[in-house]
Structures are given as C-alpha cells and as structure tokens.
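Visitor: Make a model of the complete structure from these sequences and hints.
Going down the list, the protein sequences come from chains Y and D.
Going by our numbering, the first residue of the first sequence is number 1, and it counts up by one from there.
Going by our numbering, the first residue of the second sequence is number 1, and it counts up by one from there.
There is no bait here: all hints are sound.
Ranges between beta-carbon positions, derived for each pair:
{"#": "1", "chain 1": "D", "residue 1": "D386", "chain 2": "Y", "residue 2": "F119", "range": "54 to 62 angstroms"}
{"#": "2", "chain 1": "Y", "residue 1": "K144", "chain 2": "D", "residue 2": "Q294", "range": "54 to 62 angstroms"}
{"#": "3", "chain 1": "D", "residue 1": "E310", "chain 2": "Y", "residue 2": "K144", "range": "39 to 47 angstroms"}
{"#": "4", "chain 1": "D", "residue 1": "K144", "chain 2": "Y", "residue 2": "D89", "range": "19 to 27 angstroms"}
{"#": "5", "chain 1": "D", "residue 1": "D17", "chain 2": "Y", "residue 2": "D126", "range": "43 to 51 angstroms"}
Examples of chain Y residues toward chain D, derived with CB under 8 angstroms:
{"#": "6", "residue": "A16"}
{"#": "7", "residue": "R20"}
{"#": "8", "residue": "A54"}
{"#": "9", "residue": "Q56"}
{"#": "10", "residue": "I57"}
{"#": "11", "residue": "H62"}
{"#": "12", "residue": "M68"}
{"#": "13", "residue": "I76"}
{"#": "14", "residue": "M83"}
{"#": "15", "residue": "E86"}
{"#": "16", "residue": "A87"}
{"#": "17", "residue": "S94"}
Bear in mind the hints are in silico, worked out from the structure with no lab data behind them.
The structure presented is a predicted model; accordingly, all values stated were derived computationally and were not measured.
All C-beta atoms, glycine included, are put in the ideal place defined by N, C-alpha and C.
So the chains spell out like this:
There are 2 protein chains.
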Amino acid sequence: MAFVVQKFGGTSLADADRIRNVARRVVETHRAGNNVVVVVSAMGKSTDGLIELATQISDTPHPREMDMLLTAGERISMALVAMAIEAHDVPAVSFTGSQAGILTTADHGRAEILDIRAFRVRECLDEGKVAIVAGFQGVSPDSKDVTTLGRGGSDATAVALAAALGASVCEIYTDVDGVFTADPRVVPSARKLDEVTFTEMLELANAGAGVLMARSVEFGIRYNIPIHVRSSFHDGEGTWVKEETMEEPIIRGVAHDESEAKLTVKGVPDRPGVAAAVFEPMGDAGVNIDMIVQNVSSEGITDISFTVPEAQAATAVAVAQSVAADIDATGVDLDTDISKITVVGAGMKSESGVAASMFRILSDAGVNIEMISTSTIRISCVVRGDDTQAAVEALHRGLIGDAS
Amino acid sequence: MAFVVQKFGGTSLADADRIRNVARRVVETHRAGNNVVVVVSAMGKSTDGLIELATQISDTPHPREMDMLLTAGERISMALVAMAIEAHDVPAVSFTGSQAGILTTADHGRAEILDIRAFRVRECLDEGKVAIVAGFQGVSPDSKDVTTLGRGGSDATAVALAAALGASVCEIYTDVDGVFTADPRVVPSARKLDEVTFTEMLELANAGAGVLMARSVEFGIRYNIPIHVRSSFHDGEGTWVKEETMEEPIIRGVAHDESEAKLTVKGVPDRPGVAAAVFEPMGDAGVNIDMIVQNVSSEGITDISFTVPEAQAATAVAVAQSVAADIDATGVDLDTDISKITVVGAGMKSESGVAASMFRILSDAGVNIEMISTSTIRISCVVRGDDTQAAVEALHRGLIGDAS
Numbered sequence: 001m002a003f004v005v006q007k008f009g010g011t012s013l014a015d016a017d018r019i020r021n022v023a024r025r026v027v028e029t030h031r032a033g034n035n036v037v038v039v040v041s042a043m044g045k046s047t048d049g050l051i052e053l054a055t056q057i058s059d060t061p062h063p064r065e066m067d068m069l070l071t072a073g074e075r076i077s078m079a080l081v082a083m084a085i086e087a088h089d090v091p092a093v094s095f096t097g098s099q100a101g102i103l104t105t106a107d108h109g110r111a112e113i114l115d116i117r118a119f120r121v122r123e124c125l126d127e128g129k130v131a132i133v134a135g136f137q138g139v140s141p142d143s144k145d146v147t148t149l150g151r152g153g154s155d156a157t158a159v160a161l162a163a164a165l166g167a168s169v170c171e172i173y174t175d176v177d178g179v180f181t182a183d184p185r186v187v188p189s190a191r192k193l194d195e196v197t198f199t200e201m202l203e204l205a206n207a208g209a210g211v212l213m214a215r216s217v218e219f220g221i222r223y224n225i226p227i228h229v230r231s232s233f234h235d236g237e238g239t240w241v242k243e244e245t246m247e248e249p250i251i252r253g254v255a256h257d258e259s260e261a262k263l264t265v266k267g268v269p270d271r272p273g274v275a276a277a278v279f280e281p282m283g284d285a286g287v288n289i290d291m292i293v294q295n296v297s298s299e300g301i302t303d304i305s306f307t308v309p310e311a312q313a314a315t316a317v318a319v320a321q322s323v324a325a326d327i328d329a330t331g332v333d334l335d336t337d338i339s340k341i342t343v344v345g346a347g348m349k350s351e352s353g354v355a356a357s358m359f360r361i362l363s364d365a366g367v368n369i370e371m372i373s374t375s376t377i378r379i380s381c382v383v384r385g386d387d388t389q390a391a392v393e394a395l396h397r398g399l400i401g402d403a404s
Numbered sequence: 001m002a003f004v005v006q007k008f009g010g011t012s013l014a015d016a017d018r019i020r021n022v023a024r025r026v027v028e029t030h031r032a033g034n035n036v037v038v039v040v041s042a043m044g045k046s047t048d049g050l051i052e053l054a055t056q057i058s059d060t061p062h063p064r065e066m067d068m069l070l071t072a073g074e075r076i077s078m079a080l081v082a083m084a085i086e087a088h089d090v091p092a093v094s095f096t097g098s099q100a101g102i103l104t105t106a107d108h109g110r111a112e113i114l115d116i117r118a119f120r121v122r123e124c125l126d127e128g129k130v131a132i133v134a135g136f137q138g139v140s141p142d143s144k145d146v147t148t149l150g151r152g153g154s155d156a157t158a159v160a161l162a163a164a165l166g167a168s169v170c171e172i173y174t175d176v177d178g179v180f181t182a183d184p185r186v187v188p189s190a191r192k193l194d195e196v197t198f199t200e201m202l203e204l205a206n207a208g209a210g211v212l213m214a215r216s217v218e219f220g221i222r223y224n225i226p227i228h229v230r231s232s233f234h235d236g237e238g239t240w241v242k243e244e245t246m247e248e249p250i251i252r253g254v255a256h257d258e259s260e261a262k263l264t265v266k267g268v269p270d271r272p273g274v275a276a277a278v279f280e281p282m283g284d285a286g287v288n289i290d291m292i293v294q295n296v297s298s299e300g301i302t303d304i305s306f307t308v309p310e311a312q313a314a315t316a317v318a319v320a321q322s323v324a325a326d327i328d329a330t331g332v333d334l335d336t337d338i339s340k341i342t343v344v345g346a347g348m349k350s351e352s353g354v355a356a357s358m359f360r361i362l363s364d365a366g367v368n369i370e371m372i373s374t375s376t377i378r379i380s381c382v383v384r385g386d387d388t389q390a391a392v393e394a395l396h397r398g399l400i401g402d403a404s
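Guide: What follows is the structure, encoded as structure tokens:
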C-alpha cells in the first residue's frame, strides 16, 4: 500500500464542480489501495477577497488578526472537500493546521514550520479514512495563536507533511501540466519537462517559475520526498521533481521574473564596510535582497546595485537614502522596469562556455544586459522589462531548442 | 469599573462600514472604563452562503464537516472586528470558541455548552485589551472537534460567557429597537417594551419572537444575567430582560410563528400507550414536537395532532406513517399552512378569564381555532396561515391596546 500526499491549489477548488472533481480523483487514489492525505488551499480567489475586506477596515491590520482572517479560507475548502469525498461513501475527516499538528514560529504572515506532530492525521489514516489538511496554516506552540506560512505556504505544508508522515510521493495538482522549459505564455514552443532535479527546481523557483515555491522544494531536498507537479484537469503525467534524473541536459529551462526592482546606491566611497552598511539595515527592515552587483571602483568611488521585490521597493529606497547619507554616497536610483532572465541546468556544472553563449545570444537579439549573477547551475541577467519576450525566446531557441 | 458583554449579529456586521460602526461602539464602551467582551456572529448572510455551497456538494453533508465549514463565518467577522477596534489604537484580540474555552457536547450542529474555561479571555481583559469571541461555536473536549450550537447560538454564547466571566450585563445588539408587544411588521401600532421578565421572554421566544432565542434566555435565568436587547444603529435604550420588572401587565405581548406544520395521526385506537408509541420514535428521529392535542375519544377511536418545525415535517411524516401502521391507526395528515398565535404575560397567573377573552376576540375577528395549548403565563392557538395578520392585530388591539 502506497502513501500519497495530494495538494490542490485554489484554481482546482474554485467552485462546487471543481471540488467534486478533486474528490473524484482522491477517491480513485484511495480505492486503488493508497493511504491518502489531501492538502488544500483556499477556494479560487477567496483569499484575495478576505485581504480586500481587511484593507477596507484598516490600513495596518494586526498580523495576528490577519492570520485569523485568512485561515478561514482553507477551513471552508477543506470541509467542502471532505463532504465531497464522503458523498462517494469514503470516510474523510478535515483538520486545521493546528489539529494536524503543524507547529510553527509565531511570525504571523511568514511563519516557519518547526515541527509536525500529526497524531490525529495518522490515527485517521489508520482507521482507513482520508485526511484533509488545511494548507498554509499552523499554530505557534508558544503563543497558541494561529499562524500562516506566507506565499506558497500550501505547497510547503504538503511536502513537509509528506516528509513527517513518510509518504512515498507528494503530488502538487495545479492548473498547468507541469514544469516547462520556459513560460508557455511567452514561448509557445516551450515543452513540459518529465523530470527536473531538486536543485534545478530550486533555482527555477527562485528565478520566477511560479509553478512550485522554493520553500516546498527545500523540504523535498531535506527529506528526499519526490514531488510530482501535475494537472488537476486530466490524468497525464506531469513533472517529477526529485534527487536525480535520467538525463542531465546542459540547460533545463529558462525562467523570467518581472516582479523585482533595481536599486542603485551611487557614488559610494570604496572602503571596507560599505556593503555591510548598506545591507544590514535592509535585512533589519525585512527587505529581501536578490542579486547584488558592485561595479569596479573608479577613483575610490563605486556604485552598488541590487534587486528587491517591487512590493518592498518603497521601504528599500527609504532605507537606502538614509544609509547613503551616513556613508557619504551621492544618491539612490530606483528602476522598476526591469526583468530578470535566468537559465538553469545541472549539466552546466561540467560544461564551460554556457555563460558566453547566453551573453552572445542576448547580444544577437539586441538585448542589453544590466546586471549578471551566477551560481554553479544558474546564470541570471537583468534586462529592460521591454526585452523580456525577445530575451526568453532567443535563449529558449538557442540553448534548448523547440519542442520536437 | 463595569464589565459588559456585547453581542453583535450578522446584520450589524454585514459590511466594512457596519463593522467600523460596531468597533466605534465597542471603543466608546471601553474608553468609558468598562471591561468589554464582544461576541460576534458571521457577517450578514454569509452563513447561508456557506450552507448553499455545502448543498451543492452533498445532499447529506457530514455534521462534523458542516460545523468546520460554518465556523469559518465567525472567524472572518471576529478578525475584522478586532482590526477595526485596533484601528482606534485600542488593543483587541479575537478568540475562536475553542480558544475562548467554550466546551460543548459533541452533538454537531446542536451542541450544548458544558463549561466555559475562559482563561485566555480573562488574561486578555487583565491586560487592558478588548476580547472578541466567536459566537455560535465551541469545541468538544472528548472528540477535540469543533462544534456549533445551532440556531441562536451566538446569543447563547454571549449570555453564557457573561455568566462565566461575571459580567454585570449582556447587551444583545440587533437590527430592531428591542422586544415589541407584537411584530411591528404585522401590527404597526406595536410598541417597544422597556422591560420583560425572563419567563415572559422565554415564552415569547418559544412562541416565535425571533429577537432573542430561548436558550440564551435560559442562561440568563440560570445565572441571573440581565440581558439588554438593543439596536446597533442608535444609542437609545432597548428592552431589558431580567428577573423582575417594575410593572406586570396581564398581557406583555402577542407573538406568532408560521414556521411550524401540523401532523394528525387519524383513527388511533384509544388505549394506554398509544401516545408513547407515537412520540418516542419522533424523539429518536430528532423531531422537535411543540404542541400536542389529543381529541376526546369517540367509540374508542381518537385523533392525535401535533406541531413540528416545517423543516422536519418530511421526517415526522415518515415516522408517523410507520407508527400508524404499527398501532392500527387509519392514516396521517400533514398541514403546512398553519400559524401559531401566542399571548404571553406574567400577570396572567393571577388573572382569570384571559383565555376566554382570547377566544372571544379571535371569534369576533372570524378566526377559527384549530388547536389550543396553555401554560401559567401563556396561551397559544393554532389558526390558518391566512388568518395570522387578522388574529395578531385583533389580539393586540383587544388585550394590549395601541401605543399611547
């Protein structure tokens, strides 16, 4: 008897019909003799609706109350999924994050999972029932308050729960067929990947491939739980994310991310400690820094550029302006019209010249590169926002090739 | 420093504006130096929306999951109310039924409160904060599952919590000005009562006066907590429900209830045990019986009529038909087009002839009486549904008189 965790996102649960559809799939898996734990997000766009209500009430809603509010979303979907499964005469019990023993830090809105004590879920499975668990939410054992895990939290719940319960696979059902070599909306010839390694998926996720969040991949790596990203609308195989794959192509995929902004602190005196002076207060202010580039010094003066989520740009500018005054820099520039283009592939490790090919392809496509950052299996370039389509298409054609 | 529990219903919380309005009222009470506990229902008609979703999913949703689903409603409103109060710089913390220590039986959908262990609420008040508690919901200490108290549950939460915490008054805010001598939609000259005794209120509630549910009045009686039923839209005094009142008029009010149906088991052999044979299986099937009338026997054969909530009529008919076969009765009649008219007044205890006056007034108004049931301070008659308006108006005019 296999043990499967199945996670369904908001789009797969948007209305009664889709919920019945999810139940049918769960019931099939259960009837095939598997232990099934179902992890659910809130229905459709209902979380956005709750956030909208909160903004009507308060400009700065208390994070504890915000979590109390948002966790109503999964509560609704999990109860409905349980009812839909029971309509097939298969016993099902729903559990909140707290009931499922998802213990987290007390950081409301971005809690980290500390431990999973899934006694009740295990007992429910032992009784031959299907367990439905609310994604995205947990409870802080210290404050006894309900918490949420932040963006992508339901995927993290699913993979962490799969690890805690010893499941053989975590299936992430979504509205696309799997992980693609590039965003099919940008590159129509992009093709679905059958397999991708954990580290490749991690880089792709960090580079903006929205299908799976980085933190759920991290749980997959840590506990070696294979993740199957697949469509909730048909039975076809999706993409397996796992430790090793059959083939290791040089480039697995091209990702892009238009949600970042670039800040430049100009005219920075080039002396020890200035980088720390800039980035320590950013960290204190909760700003997430992605790429950092420091230009070579000219006459003891340099520029430091970095990217941050656009949503944090205003905070980052305020911090940067205060720092700039302290360190005698000449000013701060904000550029929100940028795009980060990334190529990812584990084969890159043993292959030289990939970066050079990438820069050549972009140059031939008339795309100017503003920042560059690399890791062993990834190269990212910041380009103008307008160049996104041209850059992704050219890189996909030149490094991966069209679907056969 | 006084200690007040304030309960707000769905209409008072229907949108962001009304929630802000509720917050303003709570903040005023808090700033006046009172300890305030706020009990909330779900926003507007949101509970109906959730029930509608459940019926789309399943004809017979599991009661545990139904409770899980419905409790999302108060979760949303309580978090929003807390945010709205904090927007006034008054600290506020929301608690689910479980967090507030509302321990109940495990009877999903109609749980009874067993005990209230409001440690967290008390601690919150001791810290000078306002506590917001979800009405209608609790937790079963045995099953550890979330439960709901059924219809009128939020009022019951409020009064029980007021008792457990030792509050001096429980204020029930509603969309009407208080308790009236009759439903103002039926009798425009009906007037608001300043005071009404617990027992009168209990009879009025059971007779269909929807403003306050019987079970919350029962808590008021048991713990002697004065209940102030008042409008959430203005500051005027409403109706005080308490142990004794300044005046004891013969008739306090006229109530009517069109939500019941009448069943008649016909041709019942008049022998010992037939009543038990009819009503024991009704109890087993969870049917709530209200009035029972057994006609005098003619030639050893009688009819037994009784009223049940219309929603349970189908179940009741099925049970009655099976019983009728067992006891050799000739058949079962169902009549859904009835109305129960009730006059209530503590003064009736020491006054004779009230019943006779009631019957005379109805007769003069051309209203036929189908069933009669009385208690020390109440007389109820079942009449045709079409006669409701005429009966209530005539009784109000004849027994209470128009507003001065």
